[in-house]
Structure formats: C-alpha cells, structure tokens
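For the record, the sequence lines run as chains A and B. Under the working numbering, residue 701 is the last one in the first sequence; the count climbs by one each step, no gaps. Under the working numbering, residue 701 is the last one in the second sequence; the count climbs by one each step, no gaps.
All the pointers check out, no bait thrown in.
Same chains, same label: a pair holds when it works inside one copy or across any pair of copies.
Below, in silico cross-link-like pairs of lysine to aspartate or glutamate (EDC-like), each with a Cα-Cα straight-line distance of 20 Å or less:
| hint | residue 1 | residue 2 |
| --- | --- | --- |
| 1 | Lys572 | Asp198 |
| 2 | Lys605 | Glu330 |
| 3 | Lys327 | Glu584 |
| 4 | Lys327 | Asp604 |
| 5 | Lys370 | Glu279 |
| 6 | Lys289 | Glu313 |
Everything labelled a hint here was simulated from the structure, so no lab data went into it.
2 protein chains.
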Amino acid sequence: MTNFHLNADEGMWEPYELPKLETELKKSGFTKDVANLSNLFEHPMSAIVSLGGCSAAFISPEGLIATNYHCIESSFLQYNSSSNENLFETGFLARSKDEEKRSAPGARVYITTESTEITNQVLIGITDDTESLKRSKLIENNKKRIIKQCETSEEIECRVRTFFSGEVYKLEKLFKIKDVRLVYAPPAYVGEYGGEVDNWMYPRHTGDFALLRAYVGKDGSSNEFSKENIPYSSNSFLEISAKGVRDGDFVMVLGYPGRTNRLLTFNEIQYDLNIGFQESIKFLNQGIKLIDKNTSQKDGTKLKYRGRKSGFENYYKKISGQKNGAKNFELLKTEKSKWDEFLSFVKKNASDKEADYLEELLALINKTLKEDLARRYYGNSSLIATAQRLYRNAAEREKPDQKRKQGYQNRDQERLSNSIKRLDYSFDSNVDKAIFLNRLESYKSLSKDLRRPVFSQKLNLDQEFEKTKIKVEEIYSSRFITSVDILQLKDMNLKQMNALNDPLIIFVRSIYKESLEYEKMYEERAARRQFLKSNFIKLLRKYYKSINKEIYADANGTLRATYGNVLGVSVKDGAFYEPFTTLEGITEKHTGVNPFNVKKSLLDKIAARDYGDYFFSPVSSVPVNFLSTLDITNGNSGSATINSNFELVGLAFDGMIETIIADYKYIPQARTISVDSRYLLWTLDKVENANNILDELTIIY
Amino acid sequence: MTNFHLNADEGMWEPYELPKLETELKKSGFTKDVANLSNLFEHPMSAIVSLGGCSAAFISPEGLIATNYHCIESSFLQYNSSSNENLFETGFLARSKDEEKRSAPGARVYITTESTEITNQVLIGITDDTESLKRSKLIENNKKRIIKQCETSEEIECRVRTFFSGEVYKLEKLFKIKDVRLVYAPPAYVGEYGGEVDNWMYPRHTGDFALLRAYVGKDGSSNEFSKENIPYSSNSFLEISAKGVRDGDFVMVLGYPGRTNRLLTFNEIQYDLNIGFQESIKFLNQGIKLIDKNTSQKDGTKLKYRGRKSGFENYYKKISGQKNGAKNFELLKTEKSKWDEFLSFVKKNASDKEADYLEELLALINKTLKEDLARRYYGNSSLIATAQRLYRNAAEREKPDQKRKQGYQNRDQERLSNSIKRLDYSFDSNVDKAIFLNRLESYKSLSKDLRRPVFSQKLNLDQEFEKTKIKVEEIYSSRFITSVDILQLKDMNLKQMNALNDPLIIFVRSIYKESLEYEKMYEERAARRQFLKSNFIKLLRKYYKSINKEIYADANGTLRATYGNVLGVSVKDGAFYEPFTTLEGITEKHTGVNPFNVKKSLLDKIAARDYGDYFFSPVSSVPVNFLSTLDITNGNSGSATINSNFELVGLAFDGMIETIIADYKYIPQARTISVDSRYLLWTLDKVENANNILDELTIIY
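Just chain A, with the same shape it has in the complex (with noise of 0.2 Å):
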C-alpha cells in the first residue's frame, strides 16, 4: 500500500483532495462515499462556514448555525450585554425568533462557494528572471484585478489565497451573509468553564456551545440587518446525533484552520526554537506587565485592555507550550535529521539552478531572521499606527480605485471605518502611550542598523531617554486621541491632512517617506523570499515523493477536512487521559471561585443524574468533552467534529498544551478536544427546556 501522506491521520486537506485519500479514510472508519465529501455545493460541505477566524455549520433549514462559545463572546455577548443585563453571567436563549439578538457592526458568516486554482493568472506576466519589486508590483496588480472581476456584487468576497508559499494560488470565493443573530448561549459559567486555568488543558469540561441564525432578504440577497430579513435557508446542514461517539469511532472536522507553519526551512525552526520563542515569551510577558500597571479599574481602562491583555496571556501559554513541546518531542532533532536527509536529495538530484535557489532562500532567511528583533519592537503605538495607516489612505485616495494599494481600495474603508470605531473600548491614549514608551525604550537599546533612522532621530532615540519622553508627550497631545475625532481625520483629503498643524500628524508626515521606503524593501524581499520558496517547495515535494510520501498545503485561512478517530492520549509519563469527561466532572472541578464557580441549579441537575436519551453507558453518564486524533489548529474553533454519517456529534474547540507543537509538526500524541452533541442536547433539554430549539433540530437517537 501507498502512504500517501506522512502519518495515519495527519493533513488538513482541501475537500477536492479526499477522493485520493479514501482507501485510508475506509481504514479510519469512514463508511459513506468519499465523493460526497469534495463538492462545496452537497451535504456536508455546504454546511459548512466560516465567522472569520472561527468555523461553524449549519443545523436546521432556517439558518440555525453551531459554532463555539468563545467564537461569539465579543460580537454577541459583549455588545448586547449593559449594566442591566450581563448576558455572560446569565447566558441567553431566544424561545423565539422574534427575541433574537443582534450582532455587533461587521458581524458575519462565510459560505465558501468556489475554489479555484489561479496560480498562472497571479503569475502572468511574471519569468523567474522579474526583478523582485517588478514581481511584487505584478502580483499585486494581477491580484487586485482578479479579485474585481470576481467580486460581482456586494453579498460576494472574494479572496486570492496563497498555498505551498505561493507555488499555488487559489481564488476563494464566498458568500457574505451579514445578518447574524444570537439564538442560544450558555452562561460563562459553562460555555467557557475553567477560562485561562483550563484553556488548552484536558480533562476539560468546557460547554464551548452557542447558537446563531443566519437571516438575508426575501429575495435571498444578503443584506444587513432588517425586521425584513427572513432565515437564511442552507443548501444543506447537520443533523445532530443524540447517540455520539464510542471510543475509536471515525470523526472528521469540517472547517477554516488558521494557519500552520509545516512546511519550514530548517533555519527558519532553529529559529524560532531557539531564540524566536523565547523572544516572544520575553515580549507577551512584559507587554502583560505593561497593562496591569498602566490600566485601572477605575478609569475603564482595564476594561478596555481585558480583551488585549488575554491576548497576550493566550499567546504567552501557547508559545509556552510550544517551547516545551519541542523540547519533549525532540522537534529541533527530528527535523535535523530530516533536512540532512533532504539536502543529500537535493545534492544528488537537483539542478545547478534549484540548489542555487535553495542556498539563496536559506541565506535571505538567516539575514531577515536578526530583523525581527527589531521590527518586533517598532511600531507598537495604536495612535500613530492608526494616523499613519489614515494619512496613507489619503494618499491612495488620491489615484483611481485599481491603482491603490490593496488595503486602501474603496472595498476597504468599511473595514477601516469600524476598526477605528472598535478603539471606542478598547483604545486610551495614555495607556497606549505608557506601552509606546516602554517598547521604544527596547527598540532604543538595539544597535543602531537595525533601527529605522529617520524614525529614530524624529523620537530622539540616540539622546537620552528623557528627550524621546518629551517627544512622545507632544505627540500624545494631539486632538485625535479618541475615535469619534480620529474618524474626522479619516474624511479628510490629502491636502486636508497636509495642512494639519497637529503634533501626530506632523509626526506621521516626518516619518512617511521613510515608511514607504521601508515597505518596499520589505516588499521586494518578500517577493523574492516567496519566490524562492515555492522553489523550495518544489524541490521538497520531489523529496517527499522519492520516498513515496505526499505534502499538504499549511493551513491558510480555507476550508479543510481532517480525519481520525476518538481515542485517549498519554502525553505526561504516569498519566492517561481517557477519551471522554463526565457532567460529573464538573462538579468536581466546581470550587466556587472563578473560573470554577457553577451555579447551584446546574450542580443539582447533574446530582439528580436525569440523563435522559443522552446516557453514555461506557462513562455511566453524558460525556461533555471527548478526545480524537483530528489534525486542527487555531480558527478550526466552532468546526463540526462529524460522524461517518455527516451527523455532528461535536464542536471541536481547543487543543492540548502538550502537543500545541503541533502547528510546527504533526504529532500523533496531538488531540483535538470537543465538546460533545450529547452535552449539548442535554443542556438544551434538561438544563434550558429549550424545546423551539430542540423541535427545530434533527436529532438521531
């Protein structure tokens, strides 16, 4: 038999590429017709969207989509929650339609409706002899036509995504639904049960569940927010099984995986284990300190951080984990060896000019890699970058719409209208001021060709810190320190802006000819670096297939499928961790102090053990979380985890701290934790009564 890929259960494919895989899906369990599984217009996959930076599916013909608690905290929880009425300690259920609530400005759910190859339409034009900033202008060129072409009405996004580090190209096309609305979310107390203690931990109890209705025009066009709006009615959806999962059943999870970096040089690894992890580590850390000293209760501003400050926390435990994952799973030594392995291919089988190619890319690598430092302590002022980023789109503003630069089109300034209005709550001057202060003072401490000069000598970096204080102060005393006046400068027109006496934006104008100038270097680099690299990529790809194995592109943002099994883990010497978690648990891990706090009404509903159709005998209980083998990473958060008959028996939500290494190499220790359909139910059931819902649903028992 073929091994068509590297292990038994690794890859996030794309849906075209299952077909090829289905000897290996049967052995995984899959009983159904791998066909049905690569057409983005049929069951399954029709039921499947994305909410931007998390996954979701369908399940009911009127629009009803599941998705992960976490994935709806801000755009629903949020923005509907008032000192009246605190939606995350009480959770929220529409018994009807009509109570539904609305989301958040910009709140949307993706239909992917087409994926096509364009790599020689990205490319056109283009020789491996184009000068690299020639290449970088093409590209762009050829993208922003194709993405015109493309986007033929206001309800379609359509997006060129880069596969295999740009040897492949694809155009993503998808429907834009804009009306979104929350139908049913648990209180915190459930939907995010263990919060930063249990985040990226098992056993986990987590009811990581919410529910919300897609809704359009009558005319199905997709239209904001309206009384007019009907239930927008799905090509297909799941069906939810009230059975689940046993141990070792075939599970597959549809979704948008975020991004993952397998397909690495081996300095760019060394990198990041050696010194990149670390540095970051470094930089969360004291960003973390930064925020609890300069934010207070008082003020607001610690809750305009809260969202910033969990960021940098998530961020720390996952690189964290990462560090200790590659160190526990030998990472640095394992690739060793493979890219030896690799480079002796590559001595006796490439050509003159690959093996160039290949010597080129490493070298670039290595040189940009001591940039990062710096550009890592550069640029961490909101005011300045949002003023910078408003007077560039005054500049743009002033060519025709396809000669802009991508990111100032007139598809854009909606986008950047509501990230200004997002700096609302969570934006103060002065605590973004105290951060700005404290990195420039890292950035003043790097050697001086490394830092931007004409930046520098404008914040009187090579004077004594006391100096750049003074200049910050007087940038921080503009008047566009608050969104409501900062939206004023986004109307104005470059000469507007030009005539601004004001102490930011004469800042900004001082240092704009030298941002451009660092960007198209950085541009022009990257064009080169990407060149190089889908060379790499071929040359790694003929490795792979002298030894009969078969790469799969990182995740980038699309729609993938990922297939394995439900099973345990060890991945602490002593400790087994079984493949399902109990109601029961959650008692046991209630302490009555935050993030364990549950409400005495849940406890007494778990102690009556009313299990109702959701009784799993092997665990004596309704399992709430369960392990399998899936192959995810961040943004599958919400993806339905799905049986061999495409009905949801989870929501896939979160890794494992062990194994979060992952995303640098596939390990097969790694697990995916759901939350399982027969917690869901029974919550529905038995905690909320919430028979709509549940009359809505089509449940397998």
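Please arrange chain B on chain A, whose structure you already have, making use of the hints.
This is chain B only, laid out in the frame that chain A set:
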C-alpha cells in the same frame, strides 16, 4: 467469609493484629508466614525504625538506614551546609564511613522494643464516677509513674500512647540511638524534584530517598556522637530488590503513621467539613501573607521564616485538598447515613447509661467547638509562649521531679533547651511581633465571652487597637529576645524570675494565674471528653460487630503495618494515573526553572538510556515512583515499602491531594506514592557510582 474490617486494604494495623488478617493478606498476594510479622524482635519488624516524625528502616548489617530525603533536610542537610558548602545543591555522598557527617543536636533513631497494654495501670484508682479534674490528675500521675519505672536507663524512652480515645492505653518502650550520621543524600533537584508544585501530586518524579547510619558505643549502649562509636548492628535489615514490583503486586508498608481522625462523632466531622477547614484555610492564608509582608531577604528574616511559611503552605494545600475531597467523595452525606444507622443501633441496643454518655459527649463537643476559633487566635506570640513556658518551668522545678507537670520534668529539660536554641535560626522578634499583633486583631474582634479576660485586659483589647499596639511594643522591648538571652531565663529559678523587672516577664507573670486556670478547665474538660469518648468507642465497636466489621485504632505515632497492591487510579474525571512513572518523565518535567531544574549531567544520563539491572520492561525504562493502595498518613514518610519476601521495593513518601481526606475516612481511591527501589539503585549505581554503598547492600536481582 467474615469481612474483618471495613474495606479491603483499609487499616493501619498494629503488628500483633496481623495474624487475624491472614486470609485477607493471602488474598492480596502475601505468601509468607503471617506470624513473622507480629514479632517486634524478628525480621522484618526489627528492621523498622522511627526518626521521630518520620519512619525508616535498616538496610545493612552495619546500621545503614533508608528514609526519605525530606525527612533529613533540616537535621542533616541544613545543619551541615554553609556558605561554602550547600548540600542542597550538591547532594552528599560519603565514600567511606570517615566521610559521614554528623547530625544536628537531638536527631534520634528510635527502635520500638516493646508495646504493652497498660490500660488498667493508667486507670488505676479511677471509676466511671471519678470527678473529671481528679481523673485527669490521676491519669497524669499514673502515666508519670509508669514512665519512670520503664525508663531504666538514659537510652530507653518510654511513652504512654492512647488508643481508641483512651479506651486502651499502651506503653511503648523505645531504644534511642543518639549518634546518627548522614551517608547519602541526592541533590535537591532529585530529592525534592517538583517541590511545592508537585507536593501531594501525581504523576510524580521525586527521588525522595536518603541514607543515614546509626552508631552506638563499643558496648552497644547509646551514646552521643563520638569517634569511638561503632556502627549499630540491628537484629535484622531489609534486602533491596532490583527487580522491584509489577502492576498488581502485593506490597506492605511498615512505619509510624502520625495521626488519623477516622473515629470521630458526626458533629466533629460536620464541624471540620463545614467550618473548621474553612477557618484553617483563612488562618493559614493570613499567616502566609503575614510572613511575606514582614520578612525580607536582606535582613535574613525570610530565611528564618522559610520553614514556618512552607509549613503553612503545606498545610494550606492539604486542608484545601481535604475540603475538595470531602466534597467529591460526598463525605458529609455518607457519614451522615452511617451515623444515622449507628444511632438507630444505639436506640435499640444501648443501655440508658451508654445513651446518656453519648448525648453528653455530643453536647460537650458542640460546646467546645464554639471555642475553637478563639483558641486559634490566642497565643500567636512565640516570644510570649516561650517566656510562659520558662516561667512555668521555673515554677515546676520548685517541686520534686515526680510531682511536676509532664513536660517540665528532668527528662524534658534537654528538649526545652533545644527548642530555645532553635529560635536562633527560626525566630525574629520584630516578625514575631507583627504576626502576634495581626492575630490579636482577629482575637479582639471575637465576642468578649470567648476571650480570656485578664489577657484581654492586660493587652487593652477592649480599647482602641492603638493602645494594644503600645502595650505589645512595651512587651517586645524586653531584653530577652534572642536565644542566648532566653537561655539565661531558663537557668533562673522562680525567685530570680519574679525579681525581674522586664516587661515581657512582667506580662507573663500578670497572666500566669489565668493561664493555669484555663489549663485546669481544659484538662477537666478533656478528661471528661476522653471518658465519654472511650465509651462512645465501645458503643461503636459493638455496632460494627453487629454488622460483622471490626474497627482499628486511629494512627497515633506507633508502629503499624498496612498492606495492599500496586495499582493505578482515576481520581479526576477523564484521567487515569498509571502505577509507574519513569526516568523520561523527569526530563519531560524539566523546565530549567525551580522546582523543575535538573542538572544537565542527570538529563544526559537519562538520555543515554543506560538502565542497567533496573530496567522494567512494562514501562521501557527505570521506574521512578509508583502507586499502591497502601493506607498511610503523615509520619509514614520514609517507611519501607516491602514485597511479600520482605525486600525493600520502595520508600513511601506521599499521598495524593485528591484523596488526602482519607485521614478522616478511608477512601478506596487513595494511593500511596513510593519512590521505587530501582530508581534508588540506578541513582547509586549509574549517577553516583557509589560502589561502597552498593557493596554494603544486599541487592536481590
């Protein structure tokens, strides 16, 4: 078959009881003659010793003793460390007897030579109608007489031990070895790997082992340290197994468990579970914060209070674990239903007198429990407590030895001096004052009738707290605030102490009368309680007999045996703890940050996979720690874990936080964590190359 006791594997049995458990022992896998186990003078019991607070065992014919690392830290490692030589960092190995290091003053090895029931002698002259205070005095005098008769020489220590709350008394006669030396201790990164983080946790990877040697005079008498002393030759010693145990194997622990509370009345349990644990947590938490706030690295007080703080932390963790365990194992519910059954038995079968006694006991308990809180916050000044004790000592020494209060006799004087000397490195008057003041503030907040009136008045507790502070400042302005000065106090007679014009002594004198009155009241009450409780035990025993079960005495620091099997366990929903951990788990936990900071040389040894004779194929490595169903508690630390052939297979060193509530009620899921004999031997062999020790041991391959 008669089910002799409450659960399989339950019980900390006295050696004489083992023959009656023969059937159950055989069922558990024991293959030898049970009779061997009940004779204190025969192998293996004659190899088992106490270090006071810890257990240990002879493992060579030349007085070599194996115990836990954590049992020898203070008297051997701390004592022999200096700024030049930190034994915690380096560990210590004597490559010949000459190199062995002596112990801190007072370190002892105790060998139990007799255990005799003496209930009748202790209760001589006492009837059920004896008035409580008289009862108390009579018992005390009887005990003193018995001990005096027993302690025929200085090397014999005799203790009257209370079993079954005073239903039974026994005289324990111990041979006391006074010259004990350090032979081997691994570095702290082995001996306490995981530190406070892993304390009471599994999976565990602690090399909690150390070796001592006992020395006696050439004539076999017990002498203090002398070059002339020779290694003690015990009646027997344990051979060490290099084969170790397998999953399911029979194991037994012989040692000195300290204290359990398994024969409480329901209102005692209820109080601890509902109020006592929480109050202790509050008290300990406050204590930890107080030490943090009032000590500093700079002036050395942080170091002085390190022991106290870690004691608080340790106890805090334990009580928190007990609180959780009580909840998870539904202790209150199961104990309530057992109690109700007991009460119906009492109703049907008890005499009126027996029932009256029970009622009186429960009422007395309820009454005293209310005062517990007040007693907790009274007397938190080490300075005042020490001065009180010395003043009392001076007063007692006016009487002939046999008339003195226990604790103030001639036999107690050396212990008293040692406790003062210890202040030198564990006491600072400013820190003591700060802690005392804080505790006083809590004491002040109690209702007046719960407080001692004279003590309260002298400390101005009914005035504003400022006045209390002034008074406390005055007391602490004493000239007796260092161990050297306090030792002077100890040499004074009562007249000299009464002539002192020192504010500390003046204060002690002013509350002396009251403290005697309270002592009398407590003694009177304790005597009644003891009488009532021994009657309760008699009733309880009848009840259990009626359901064909047998009770065993709570742990009380006497020699006990517990048997069971090597077995993993699930104590957390979703996780199973394997019975063995491995060398590779040490590497896995290593982060480079304490308490997970192993030297590279050890990591390299592990990576080399040179397992030698200690390889255990089921785990493909050398086992480090293992779990068994043995029923142990504090004081068992260092106990020999032996197999059916009485070979040492491990040293018991810890329980698991999830089942630490087992001190209150046997929990079938409770496990003992032992360090594996194979890890000890591997370390001595492969890491330390300690051929001198390996040659001395009898190793069974």
